[in-house]
Amino acid sequence: MLKRSNLYFANDEPVQVVTTYIPWVIAKGTPLVARKQTGKDGIYGRLEDCGHVMTTIREEVTARMPDHREREMLALPGGTPILQVIHTSIDQNQEPFEVTRFVLRADRNGLLYQMPVD
1 MLKRSNLYFA NDEPVQVVTT YIPWVIAKGT PLVARKQTGK DGIYGRLEDC
51 GHVMTTIREE VTARMPDHRE REMLALPGGT PILQVIHTSI DQNQEPFEVT
101 RFVLRADRNG LLYQMPVD
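Start counting the sequence shown at 1; every next residue gets the next number (the UniProt record's numbering).
None of these hints come from the bench; they were simulated from the model. Just so you know, not all the hints are guaranteed correct.
Straight-line C-alpha distance at most 27 Å; calculated DSS-like pairs for lysine-lysine [as the list claims (entries may be wrong)]: (1) K40 - K28; (2) K40 - K3; (3) K28 - K3.
Keep in mind that this is a model prediction, so the values were computed, not measured.
I would like the entire structure built from these sequences, with the hints used as guidance.
Listed below in structure tokens is the structure:
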């Protein structure tokens, strides 16, 4: 399993930790392994190069209290909850090919979803 993690800031304040997991059988031999910068269209461009076209996403959103590591990484004041989003990308064969876990400060972030309803 390839794991890539990033810490995002707003005005020098940490606000989000993003960790992406890609099965090794997909990531092996791609720029995803060797380079921090993945090039045009980012991770999803490289995954499309491997034949995985995102056709569906699934997201699970929860609110909870942070663990010790999350509290430190995000410099959270005591009693501050986080939002956690588990994003799964599903390809044209209805197979999941990437999972990303977003951990966001609940006091500095919100979520907005807009999607068509059939």
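Each hint, compared with the structure:
Pair hint K40 plus K28 holds up; C-alpha atoms about 19 Å apart against a cutoff of 27 Å. Restraint check: the Cα-Cα separation between K40 and K3 comes to about 20 Å, which is no more than 27 Å; the hinted pair holds. Between K28 and K3 the alpha-carbon distance is near 12 Å, which keeps this suggested pair within the 27 Å criterion.
Going down the numbered hints, you'll see the structure goes against none, and every one checks out.
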